[in-house]
Amino acid sequence: MVGATIWINALNRGTTSALEGDFILNDLCAGNHAIRVSYLGYEEQHLTVRVPVSKNLIIKLKPSTKVLHDLVVEGEHVQKHGLSQSLSIVSVDELKARKGKPLGEILRHVPGVTTMMTGPGIFKPVIHGLHSQRILILNNGIRQEGQQWGVEHAPEIDPYIAVEVEVVKGAETVRYGSDALGGVIMVNPPSLPHSDAIGGEFNTAISSNNRMGVFSALVEGGLGKTKDFGWRVQGTVKKGGDFHTPDYNLSNTGMEELNFSGALGLKRKDHEIEVFISTFNTAIGILRSAHTGNLTDLQNSIQKKRPWYIGDFTYAIENPRQQTNHHLVKVDANKIINGIGKLSFRYGGQLNQRKEYDIRRGARNNTPALSLDLYSHVLDLTLDHTHAEWTGSVGLNGTWKQNDNVLSTGILPDYQQRSAGIFFIEKRKLNKWLLEAGVRMDYQHLDVAVFDQQNNLLKPSYNFYFASASLGSSVYFNPGSRLSLSTSVSSRPPHSSELFSQGLHHSAAAIEEGLMISNGEWNDDLKNVNKEVSYKAVSTYQYAGDQLTFEVTAHLNYINNYVYLRPYETRLDIRGYFPVFHYRQTDALLAGGDASVNWLLTERWTYATSVSYLYAANLTQHDRLPMVAPPMIDNEITYTLPALHNWRNLYVKASFPLGLKQTRAPETIYPADLDSHDTSDGKLFDFMPSPSAYLLMDLEIGAQFPWTNRDLTIILTAENLLNTSYRNYMNRLRYFADETGRNFTLRMTYTFHSHK
Amino acid sequence: MKNMNFRLFRLPVTVYAIALTLVFQACKNDDDPKPANEEELITTVALVFQKLESDEPARRFEWKDVDGTGAGAPVIDEIELDAHAAYSLSVELKDESNPNDVEDITSEIEEEGTEHQFFFTVNPGDLDIDITYNDEDADGKPIGLINHVAVGHAHDVVTGTLGVTLRHKPKKDAAGVANGDITNAAGDTDIEVVFNVNLNE
Numbered sequence: 001m002v003g004a005t006i007w008i009n010a011l012n013r014g015t016t017s018a019l020e021g022d023f024i025l026n027d028l029c030a031g032n033h034a035i036r037v038s039y040l041g042y043e044e045q046h047l048t049v050r051v052p053v054s055k056n057l058i059i060k061l062k063p064s065t066k067v068l069h070d071l072v073v074e075g076e077h078v079q080k081h082g083l084s085q086s087l088s089i090v091s092v093d094e095l096k097a098r099k100g101k102p103l104g105e106i107l108r109h110v111p112g113v114t115t116m117m118t119g120p121g122i123f124k125p126v127i128h129g130l131h132s133q134r135i136l137i138l139n140n141g142i143r144q145e146g147q148q149w150g151v152e153h154a155p156e157i158d159p160y161i162a163v164e165v166e167v168v169k170g171a172e173t174v175r176y177g178s179d180a181l182g183g184v185i186m187v188n189p190p191s192l193p194h195s196d197a198i199g200g201e202f203n204t205a206i207s208s209n210n211r212m213g214v215f216s217a218l219v220e221g222g223l224g225k226t227k228d229f230g231w232r233v234q235g236t237v238k239k240g241g242d243f244h245t246p247d248y249n250l251s252n253t254g255m256e257e258l259n260f261s262g263a264l265g266l267k268r269k270d271h272e273i274e275v276f277i278s279t280f281n282t283a284i285g286i287l288r289s290a291h292t293g294n295l296t297d298l299q300n301s302i303q304k305k306r307p308w309y310i311g312d313f314t315y316a317i318e319n320p321r322q323q324t325n326h327h328l329v330k331v332d333a334n335k336i337i338n339g340i341g342k343l344s345f346r347y348g349g350q351l352n353q354r355k356e357y358d359i360r361r362g363a364r365n366n367t368p369a370l371s372l373d374l375y376s377h378v379l380d381l382t383l384d385h386t387h388a389e390w391t392g393s394v395g396l397n398g399t400w401k402q403n404d405n406v407l408s409t410g411i412l413p414d415y416q417q418r419s420a421g422i423f424f425i426e427k428r429k430l431n432k433w434l435l436e437a438g439v440r441m442d443y444q445h446l447d448v449a450v451f452d453q454q455n456n457l458l459k460p461s462y463n464f465y466f467a468s469a470s471l472g473s474s475v476y477f478n479p480g481s482r483l484s485l486s487t488s489v490s491s492r493p494p495h496s497s498e499l500f501s502q503g504l505h506h507s508a509a510a511i512e513e514g515l516m517i518s519n520g521e522w523n524d525d526l527k528n529v530n531k532e533v534s535y536k537a538v539s540t541y542q543y544a545g546d547q548l549t550f551e552v553t554a555h556l557n558y559i560n561n562y563v564y565l566r567p568y569e570t571r572l573d574i575r576g577y578f579p580v581f582h583y584r585q586t587d588a589l590l591a592g593g594d595a596s597v598n599w600l601l602t603e604r605w606t607y608a609t610s611v612s613y614l615y616a617a618n619l620t621q622h623d624r625l626p627m628v629a630p631p632m633i634d635n636e637i638t639y640t641l642p643a644l645h646n647w648r649n650l651y652v653k654a655s656f657p658l659g660l661k662q663t664r665a666p667e668t669i670y671p672a673d674l675d676s677h678d679t680s681d682g683k684l685f686d687f688m689p690s691p692s693a694y695l696l697m698d699l700e701i702g703a704q705f706p707w708t709n710r711d712l713t714i715i716l717t718a719e720n721l722l723n724t725s726y727r728n729y730m731n732r733l734r735y736f737a738d739e740t741g742r743n744f745t746l747r748m749t750y751t752f753h754s755h756k
Numbered sequence: 001m002k003n004m005n006f007r008l009f010r011l012p013v014t015v016y017a018i019a020l021t022l023v024f025q026a027c028k029n030d031d032d033p034k035p036a037n038e039e040e041l042i043t044t045v046a047l048v049f050q051k052l053e054s055d056e057p058a059r060r061f062e063w064k065d066v067d068g069t070g071a072g073a074p075v076i077d078e079i080e081l082d083a084h085a086a087y088s089l090s091v092e093l094k095d096e097s098n099p100n101d102v103e104d105i106t107s108e109i110e111e112e113g114t115e116h117q118f119f120f121t122v123n124p125g126d127l128d129i130d131i132t133y134n135d136e137d138a139d140g141k142p143i144g145l146i147n148h149v150a151v152g153h154a155h156d157v158v159t160g161t162l163g164v165t166l167r168h169k170p171k172k173d174a175a176g177v178a179n180g181d182i183t184n185a186a187g188d189t190d191i192e193v194v195f196n197v198n199l200n201e
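Residue numbers (this note's numbering), protein chains in the order written: chain A, 1 to 756; chain B, 1 to 201.
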């Protein structure tokens, strides 16, 4: 850490730390000296040092909670995102209280982030109304490619790997390319240790609602004489059965998960190398009664307000189900080149596999209805430089992707995609101001192999050229008060699934057709297809005082040629009538605001609240947009107890999430009325009115105490304590069942040696 | 805890698989994909009416949509029946999406009789056609592949519709289901088609 102050009070002298954080204080008298170490954004540390010092003195600072997160981030994460970005961080402590949950569910507590659900087990994060192919999820720096497989596909990330999760709410297309148009979610593991001791932690969680158990272990240490090498292995195993609502069992919503990761790194004075491998494997059951054959089934589900199939609790996962595997190899290397800066190299190779098993006749139940393999190789080369008040990066990116639709069934074609990008980012500090600007250019070559309606093989190829630019500024009025504004123009070529989708979605009882299909005919000419261009501005004001911390964010995103699903006609099939949706383009507006407040009322009482609101409109059609999160308000009060014997960090927290009704949902057309409804005007509709508002109550009790000389943290949470029945507009299976009822979770973390 | 066995304990295999697939990926040849063989597709529902105590040839009416969920419209025959007559009605299902490889689905339904049931709905209610099941699955419950049809007078109403619904995994024990009432049947729908019907005096 550069620039930390090391001060000896008694002598009234001191120094600041140099480039690698090292410092020298000469000519001290032998004996004990009280020193004070401070750095902006970190807690001040007082310690006594005995002179002469026999071995290297290593002082570690803890980030302070009272100063803005971003100030902390500034020092560490210069490379990851723009400094003027609106940013939220899920900290270690927040992660601890939600461990064992899927990533998407953990993130829904972040202001501006909502989740789209497919039943109780599949969570897809949404940032300011955008998701899937429009937001980027980086797991340890590598993008999750499986994202593009659609809304019912949750990110394959084991949150136990993370020490923190960062959410960037502005576009980061300059640094990362077109899929960061709506924002970025970064799951960051801690840096590798370089010390003698073997450290790590064990985590376990058990939940009452779905009788789930999770166990996760992380072990890490250093290797070699000089501890140049650091290593870590981590694994998680998870098994849960059917969830239940206050009134009934949600049959076939069990899941299982098995993950492993390992890392080995070498750190020298001017270069670092790290190899990381991980594998994520999960099987998830899809609510049995959500498999609809046709609109009559859907109408029955909506009318009965209860799933038609309710069985006894079981751990068994039957069809319909999905099975997902995600395997990753990553190599990171960087070298400091004197006089120029830091050169970083990154390779990431991954294989994503997804199999969907449907309810089928006969012995076909073990043959997937859809089987997708996605391979990708990514190569990044970045040069970071610092010169006086200027810092910046130049980067090259090369990507190779191949998607195999193994059985040629379902809605995604085979394709191969090669792309290359180059970007420049430059920042300048100017007193209290920080200015940054960036530009990026991309080229993409896409080869598609797809069958048309008559089973003729089409093999079109496309070339896309697209660019992004961003401009941002931040002003620090004082260390605890910052205003930032980031603006960007990003463009994105349509994804091959948006171009060539064709098929029936069982859970939505709808037929979807891509941009290249019109009037049932396929064409491979792009003349009617345009690049999607987003103009986004996000502004955040943050204040962090001794008692009061708050932030307010306003965002505006105008998207030209926004690709979305639009009703087109009603089609008669052997199972009855189905609505047909076309991917089409329109001009869309997404605007809104988020605010959060954390107020230390007294030494023991803390009050926190957060509010988010999003307005979305289809400007060309003068219509609404589907699946836009309704306003959410969360109120939370925490009481911190005094330490009791050797129990520390005792607290009780009650929170009251309030979800309002989405009053701007598309108009309601019940499935039974669809055949007499004219869908040709392209106006959006939904099969059911948006659910009513709901107020829940959650409770959390936590404590930390020593156990066999190590730290044991215990957290007990109760979600939906009052067992309220409700439905959530953001759950795609809201037509079929209520949300889950009361759930108690007991979490234990045993830290046997912390390197932090 | 017999359900606790993990489908996923193949970790060593998968880890090696990563390395191998990534290496061999580069050598993958560019074979064209093969078209999907949509094994679940039913394109054709045929109702075969054989007049009882008569030498008259069987009457066959089809509801056919060869392109599945595609944009092509179905071809639907109009059912012609005689008043004051009894018929045996058998239902035949086919996959005719590939004209060179027509698949018979009827036998599949028959084999999995306990998991399937047909329901017949005559509309309007006073169109005098009465359909009763005339077959049984392994549990002695009706399937609806073979039925008995009694046609009464054609004085008041001579035209209407006949709806044929096939449910997969219905609750065959629920009230009324064994008598052909679909109300409590649940399950999910494999077929839901409607024919126009004319009665000839």
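Any given hint might turn out to be false.
In the DSBU-like style, the derived pairs of lysine-lysine whose C-alpha atoms are separated by at most 30 Å in a straight line are [stated by the list, open to error]: (1) B:K141 x B:K64; (2) B:K141 x A:K355; (3) B:K141 x A:K304.
Coverage of chain A stretches by chain B, computed from C-beta distances (three or more under 8 Å per stretch; other residues unrestricted) [said to hold, decoys possible]: (4) 287-294; (5) 451-461; (6) 541-554; (7) 582-596.
Treat the hints as calculated values from the structure; they're not laboratory data. Where a beta carbon is used, it is the ideal one built from N, C-alpha and C, also for glycine.
How the hints compare with the structure:
1. B:K141 x B:K64: The given pair, whose Cα atoms are some 28 Å apart, holds under the 30 Å limit.
2. B:K141 x A:K355: Outside the cut-off at roughly 35 Å; violated.
3. B:K141 x A:K304: With Cα atoms ~26 Å apart, K141 of chain B and K304 of chain A stay inside 30 Å; holds.
4. 287-294: holds (count 4)
5. 451-461: holds (count 5)
6. 541-554: violated (count 0)
7. 582-596: It is violated: at least three residues are needed, and the region 582-596 of chain A offers just 0 whose Cβ sits closer than 8 Å to chain B.
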